[in-house]
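Colleague: Residue numbers (the numbering used here), protein chains in the order written: chain V, 1 to 167; chain Z, 168 to 334; chain B, 335 to 825; chain X, 826 to 1316.
Note that these hints are calculated values from the structure, not bench results.
Keep in mind that a hint or two might mislead.
[To be verified] The list that follows gives simulated cross-link-like pairs (lysine-lysine, DSS-like), each with its CA atoms no further than 27 Å apart:
1. Lys339(B) to Lys457(B)
2. Lys1180(X) to Lys692(B)
3. Lys52(V) to Lys784(B)
[Claimed, not checked] Now the stretches of chain X that chain Z is said to cover, found in silico as 3 or more residues with beta-carbon under 8 Å:
4. 1180-1187
5. 1226-1236
6. 1243-1249
7. 1283-1290
[Stated by the list, open to error] With the Cβ distance kept under 10 Å, some of the chain Z side facing chain B (calculated, not the full set):
8. Ile206
9. Ser208
10. Gly209
11. Phe212
12. Lys219
13. Gln220
14. Arg221
Yeah, the Cβ is synthetic: ideal placement off N, Cα and C, and Gly gets one too.
If you want the building blocks of each chain, they are given just below.
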Amino acid sequence: MKREFVIGSESYDVLLNKALGEYHLDVGDRQLAIQAEEIGSGEYFIYVDGRKQRAFVAVDDENTYIHMEGKAVTIQRIDPFEKIMGGDGADGSGSSLLAPMPGTVISVNCEPGQQVSEGDVLMVIESMKLETTVAAPREGIVEQVNFSAGDTFDQKALLVSLQAEEE
Amino acid sequence: MKREFVIGSESYDVLLNKALGEYHLDVGDRQLAIQAEEIGSGEYFIYVDGRKQRAFVAVDDENTYIHMEGKAVTIQRIDPFEKIMGGDGADGSGSSLLAPMPGTVISVNCEPGQQVSEGDVLMVIESMKLETTVAAPREGIVEQVNFSAGDTFDQKALLVSLQAEEE
Amino acid sequence: MQKIKKVLIANRGEIALRILRTLKAAGIPGVVMYHRVDRGAPAVREAEETYLIEGETPVAAYLDIENILAACRTTGANAVHPGYGFLAENAPFAKALAEADVIFIGPTADVIELMGDKVSARKFVEARGFPVAPSAIEEDDPATFVERVAKVGFPVLIKPAAGGGGKGMRVVYDGANLAEEVERGRREGERYFADGRLFAERFIENPRHIEVQVFGDQHGNYVHFWERECSIQRRFQKIIEETPSPALSPEQRQEICTAAVGIAEAVGYQGAGTVEFIYAPTGEFYFLEMNTRLQVEHPVTEMVTGYDLVYEQLRVAAGEALNYTQADITQTGHSIECRICAEDADADFAPAIGKLLKVREPVGPGIRVDSGVIEGQDVTTAFDPMLSKLIVYARDRQQCITRTQQALRDYVLLGVTTNTAYLDKILSHSDFISGDVHTGFLAEQADVLKQNLSQDTLDFLLSAAALTDEQLCNAVAEIPELYAAMGHWRN
Amino acid sequence: MQKIKKVLIANRGEIALRILRTLKAAGIPGVVMYHRVDRGAPAVREAEETYLIEGETPVAAYLDIENILAACRTTGANAVHPGYGFLAENAPFAKALAEADVIFIGPTADVIELMGDKVSARKFVEARGFPVAPSAIEEDDPATFVERVAKVGFPVLIKPAAGGGGKGMRVVYDGANLAEEVERGRREGERYFADGRLFAERFIENPRHIEVQVFGDQHGNYVHFWERECSIQRRFQKIIEETPSPALSPEQRQEICTAAVGIAEAVGYQGAGTVEFIYAPTGEFYFLEMNTRLQVEHPVTEMVTGYDLVYEQLRVAAGEALNYTQADITQTGHSIECRICAEDADADFAPAIGKLLKVREPVGPGIRVDSGVIEGQDVTTAFDPMLSKLIVYARDRQQCITRTQQALRDYVLLGVTTNTAYLDKILSHSDFISGDVHTGFLAEQADVLKQNLSQDTLDFLLSAAALTDEQLCNAVAEIPELYAAMGHWRN
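Next comes chain V alone, as it looks inside the complex:
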């Protein structure tokens, strides 16, 4: 069974097998003999090729959060099958600029139909007292501007979109 795990900007494809009651994980061209022993609620001993680490693990719909060797790491879980079926629609196509977290619009610096170049400031937003500029990720024409100065928005709200590129 395959999974794609994403840590920061790096993506890792792994394959989990179980044979004779033992788990193996294929990472790249290496195969690891792995095992987990739950020693408390969300607390594990993880064994990799016989070596042991203690880990605290919490899971939500999207991510697995692991505290191990004194630090916490967030791992995004992607089911390769779902990825193929669902596409990445609104996200990552370079056409839609989504709010990274809830906040307020400070200023709108573009309007629908406007031609913009990569790096042009389209909007200035404030979240948790920090100002961030929303810049054009590529050259294109502004399609939608969904907020005005002073508006508040939620996480993942579509702030600005560019017209789809002609293929």
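With chain V fixed as given, assemble chains Z, B and X onto it according to the hints.
Modeller: Chains Z, B and X alone, transformed into the frame defined by chain V:
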């Protein structure tokens, strides 16, 4: 619905009612308007006639353990119905002496068939480095002696029994 | 403490709980006021009495003076502890309480007003002979401000006169776009503080930020509780503080602490206050500002002196005299505080949000955690990203550093990205260990302080993620054992 | 610390974890050995390396010297920390380690042997001019022992020469059944320590137990870390300890501490040791015994001096010289330790067992918890009933008492009966608050220290029990709302 709650050597009969979504507890001749709000895992605000206390509560098969107002109290739950049906058999009838906790027998001071008086030492046991004497709760004849000096026993083991009293 | 019958805590988060703890231990009734978003917060749970407040936003609720006056009337609280932030340094608030016959646990409104304005504070301090850095004040003569700023000498730091927390501050390295920068600073001052007046002073390269905890009572007694070094800052905000400062010789320590007490005495300071100094690599120090409240970093002072500063605040507010002299206040051992923030240090400290799925605080000799959050709590953008403070004590600085690192590694916070690993990295840095830091240290060393994962760690992480992925494990388990064995055997 | 490469912790419970914490913070690899019943214990979870031991009983496993030698060979540990209890004061063990070229973190076997025997220890100390109480030693002339005991004067305390922990001790108030009591004491000594030799000394009425923490290195340096007062005892075992002692004047403190260092120097003591004294209401003090190990109550000393005594033990064992002098060791503030035990104080301290269904440790300024248990753990009779230690620091004794009380109230331990509420009662007692206690205080005040529940508390408890009783609530919920409303309406 009735319950008998036992705290230490005291027993309390209570009656719980629910009307119009509100709980009432009859304790003796008083009726309390009560409410519980779970604010965390095993953590509650308990309201009695409008006043509030925070409580931590844990429950096992037999007891309810409550930490409130800075101290922990153990409350034994008795279903009055079960009590009538089951009787209290081995326990409390004054005929069977059960081990209060696991331990070791130091000495046996009686034998089956022996006539004993109230307070006679039947056995000396040791649990957690403390010596305790097991004394006859009433006058009677020793029925069974289940352990010898040096034996270890579990909690609630029947150490010594007296013949049932003639009614 | 006769005069104080009941204290309203007009704050939230870790500081509300920290104040409540002192009240509880002292047997003084405390009331925790809270906005509904803080309903499940630790201080609200621990409080024997609570008071719900409302506002257009959660922050607005805590900033509403009327809310607090109403809370006092309803609960019978005759004293208010403002904590830090919110209304802690708000003179009209202190006045409003005085008029309502409620004790404000802090200095008088006059002193808040005088020291709250950077310009007036600086003038006051300078006039009494305490050291201040070369500077220019806009309102002395707005027309010549840009010119006078240029005369202060470059690099120069321009900041809003009403500012705080690093907001709207800018360093200008030469005269080329000075006018433009001044204009920008004014706009930011207006936006953040509704006050566009500016203030400029010589920017000391590689300065340290050293502050002194002072205390005064209503009877003319003034003492200091030694210094704190707060040079480890990101975006002009402190994230690691310690005491004693590794930079000071005993003579310098005495000198800077004596200056601070002198300033406290000059303003007739009552309660807990902090005099902040800029400390140059060459050993000179200059008055920066005075914070007329309890500081976030006050616990390190408590660790090395043994005093409970909140308790001492209560005593002073109740009109009692300090029952110790300067000689009683000894500085023993070393203490470090780390601010645990919901932020991604590797992404330019972007604030992080989410639900705290697992929280496990470090414990052990010398470890104290002042936390405002618990497991299950949502971390939102409604408030500051600081979740808790880790305060560590040890006999000497080296031991304190290693203890703090171990505590950071033992601090489990899952579900929200925090800066614990980043703080650990800072404490591992050889310049930090040798005490050779300045306020620009984190920016300068940004690359060195980035996280990295070894191949080995990565293997463990991927394994843990796979084995705790229920869906994945279930799917794998569905392969019949025999078939799986054959597959294995065929390899 | 060059000489120490890896430390085996030959103990369990809270002390194993406490030692591990110091090792981790110091970056020294540690190995936790454990019997399978301790498999889920905190120290075993926290350890990077563990070693499973076996034995006829769990206690026997920890007492088996061969187990420990094997653990050192297998793991490569070149030093052993024995904690307290088990093999901590066992001279053959110290010898066996020395022969295996493993560092014993404690004094030399000779010193353990000399001071481990109450009789030889006392003779040694008396011969060097330190104060000891009038006494009689059986083996000096067994035939005349009873006669000589009578001459010591009544009341007289008879105890096994090899004893400890209050076991087999008896006070005889007159000569009537003296011979019989001597005989009983001998039998108990044989049973508990396989050694029937007895020792008798004048029983001081209402004495206090005051002890002094001493330290020596391998280079002839000796210091003390001030005293601890340990008079609050139940069944001859300490349950509350504090420092400074409220009984001593500065002169007396100096005198008793100086005597203790003198004794440490006389025996050539290395590492951490404790000299125990009996302190009479009249101000005299007498040598009681020397404990050649770390004490359970060592944390109160750490709190007021700032030193990590386990770390200092490691340094001395590694052959390093003390890097401080007596003048560096200051006593600042006050500290109290409470031993949290699984026992029913209202039922003559009967040990309690069960599963810890909920554990929530107190936190806050000045609070330290050294615990050996976690939620979900079974408390059995396999080991000592002490679950954890609550150690509290504050600037003065009064504040320390109230902080400790609040911490006891905040300490949630459900599923097993503990003594937290009893400890709280002791701290509330006016005699404790005024410092007017002695080793018989708890027995004398037993009635006053019993728990009681107010009607109001009872109402809340019964309500909480009813509303968290799922079966009960479900049964009640089955009554249709309408019918219930009618019933209500008909009332």
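Colleague: The structure should be examined with respect to each hint, and the outcome stated for every one.
Modeller: Checked hints:
1. Lys339(B) to Lys457(B): violated, 39 Å
2. Lys1180(X) to Lys692(B): Satisfied, since the Cα-Cα distance of roughly 23 Å is no more than 27 Å.
3. Lys52(V) to Lys784(B): holds, 26 Å
4. 1180-1187: Answer holds; 4 residues pass the 8 Å Cβ test.
5. 1226-1236: holds (count 3)
6. 1243-1249: holds (count 4)
7. 1283-1290: Per the Cβ count (8), the hint holds.
8. Ile206: Holds: closest Cβ of chain B sits about 6 Å from Ile206(Z), inside 10 Å.
9. Ser208: Holds: closest Cβ of chain B sits about 8 Å from Ser208(Z), inside 10 Å.
10. Gly209: violated, 12 Å
11. Phe212: Interface hint status for Phe212(Z): holds (8 Å vs cutoff 10 Å).
12. Lys219: With a closest approach of 8 Å, the Lys219(Z) hint holds.
13. Gln220: holds, 9 Å
14. Arg221: At 7 Å from the nearest chain B Cβ, Arg221(Z) passes the 10 Å test, so the hint holds.
The structure shown violates the earlier hints numbered 1, 10.
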